[in-house]
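A.B. asks: Sequence:
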Amino acid sequence: MSLDLNHKSILVTGGTGSFGKQFVQTVFEKYPQVKRLVVYSRDELKQFEMSQTFPNSKYPAIRYFIGDVRDPERMKRACEGIDIIVHAAALKQVPAAEYNPMECIKTNIFGAENVINAALDCGVQEVVALSTDKAAAPINLYGATKLCSDKLFVAANNMKGSRNLRFSVVRYGNVIGSRGSVVPFFLQRRASGVLPITHPDMTRFNISLEEGVDLVLYALEHAWGGEIFVPKIPSYKITEVAKAIGPNCHQEIVGIRPGEKLHEEMITETDALSTVELDKYYVILPFTPRWDVEEFIQRFNGRRVEPGFHYDSSNNTEWLTVDQIREEIRLHVDPDFEA
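Counting along the sequence shown from 1, when you hit position 308 you're at 308 in the UniProt record's numbering, and nothing is skipped either side.
Simulated from the structure, these hints should not be mistaken for laboratory data. Accuracy of the hints is not assured; some may be wrong.
No farther apart than 25 Å at their CA atoms in a straight line, the calculated lysine to aspartate or glutamate pairs in the DMTMM-like style are these [to be verified]:
(1) K160 x E295
(2) K160 x E221
(3) K46 x E73
(4) K30 x D71
(5) K237 x E295
(6) K151 x E295
(7) K232 x E306
(8) K58 x D83
(9) K58 x E306
(10) K21 x D71
(11) K35 x E103
(12) K21 x D43
Ranges of calculated distance between the beta carbons of each label pair, as one might list FRET restraints [to be verified]:
(13) E103 x R189: 23 to 29 Å
(14) G123 x E306: 38 to 44 Å
(15) G123 x D43: 24 to 30 Å
(16) E338 x N158: 49 to 55 Å
(17) S314 x R189: 23 to 29 Å
(18) E80 x R257: 38 to 44 Å
All values derive from a computational prediction rather than experimental measurement. Virtual Cβ for every residue (Gly too), placed ideally from N, Cα, C.
Model the full structure from these sequences, guided by the hints.
C.D. replies: And the structure:
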């Protein structure tokens, strides 16, 4: 049965962020009869700016709730009457998290706990939480908090009792053009003639906002509860991004920042023990006796990955060329972009 969000009430935490805005746009395009679409976030200015694009007069289903995922009472009140939660709120800047660790923990871990409890208490039917490649074998505090968050959402399926409720996670890499990412940074800096490169061998995964939303919709439709869904997406070299944006710019090697990896990983060798490969995605299944892995494999025409498998941005089979990176920028960041 295909996913139908018409006549559903949906809440998006961190709804004014890059993902949240794309998710809202996609839902209104695909499911015009959605009952309520609640944008839940802290910043009243960002909500005001978003309301200029999605005004209540044109989108009567939209609601703008000011609130913090750190606040359990507000979170619970916001979830009353909600069918589906998409949890996108997070503190995600790696250097800021290293310098302000407790603030990152309060939002990313305690916030996850508050979302889970609100879902359990308010009759929510499904929760999908956004994660990051930095949660796999984390070396920075941000990644560690997101790994903890992932574990909380997976384990929440053991606390639901007889409730008709599923929790799942989606894990993906750098969103091209998202705030604070390398593409807008290079676009801003190229006029100076110098592009800072942390390391000449550094690689990253690449995904568009549209693909990120599609992954969430896939999880909403197919999750049994407890899965971590990982997309098959291309990688790029940081130096190739620099060539694509500023071919005549000098690449200045500035060194890896605190908490950064040379390559990002989405599935570790240990994760692979419970990972199933589908056509477009990998799925990390929970270690729980209530799961019938063979039934899952048969239902979705999947297969177990090979022993020793791991999925990181350096061992990928698909790589973006300079020309492909430029096309991605035109498609997803700036249609008028010229190198």
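A.B. asks: Decide, hint by hint, whether the structure agrees.
C.D. replies: Hints and how they fare:
Proposed proximity of K160 and E295 is supported: the alpha carbons are some 22 Å apart, at most 25 Å. A distance of roughly 19 Å separates the Cα atoms of K160 and E221; the hinted pair therefore holds under the 25 Å criterion. Among the hinted pairs, K46 with E73 is consistent with the structure: their alpha-carbon atoms are about 22 Å apart, no more than 25 Å. For the hint linking K30 to D71, the alpha-carbon distance of about 32 Å lies beyond 25 Å, and the restraint is violated.
For the hint linking K237 to E295, the alpha-carbon distance of about 39 Å lies beyond 25 Å, and the restraint is violated. Only pairs whose Cα atoms come within 25 Å are accepted, and K151 paired with E295 is accepted, the gap being roughly 23 Å. With a C-alpha separation of about 16 Å, the suggested pairing of K232 with E306 holds against the 25 Å cut-off. At most 25 Å may separate the alpha-carbon atoms for a hinted pair to count; K58 and D83 meet this at roughly 23 Å.
For a cut-off of 25 Å, the pair hint linking K58 to E306 is broken: about 50 Å separates their Cα positions. With a C-alpha separation of about 23 Å, the suggested pair K21 and D71 falls inside the 25 Å cut-off, and the hint holds. Of the pairs offered as hints, the one joining K35 and E103 is violated, with about 34 Å between alpha carbons and a cut-off of 25 Å exceeded. With a C-alpha separation of about 14 Å, the suggested pairing of K21 with D43 holds against the 25 Å cut-off.
For the pair E103 and R189, the supplied restraint of 23 to 29 Å holds, since their beta-carbon distance comes to about 28 Å. Taken as a hint, the range 38 to 44 Å holds for the pair G123 and E306, whose Cβ atoms sit roughly 42 Å apart. Take G123 and D43: their Cβ atoms lie about 28 Å apart, and the range 24 to 30 Å holds. With their beta carbons about 53 Å apart, E338 and N158 fall inside the hinted range of 49 to 55 Å.
Here the CB-CB span from S314 to R189 is close to 25 Å, well matched to the stated 23 to 29 Å. Roughly 42 Å separates the CB atoms of E80 and R257, a value that falls within the hinted 38 to 44 Å.
In summary, the structure is inconsistent with hints 4, 5, 9 and 11 from the numbered list given earlier, while agreeing with the others.
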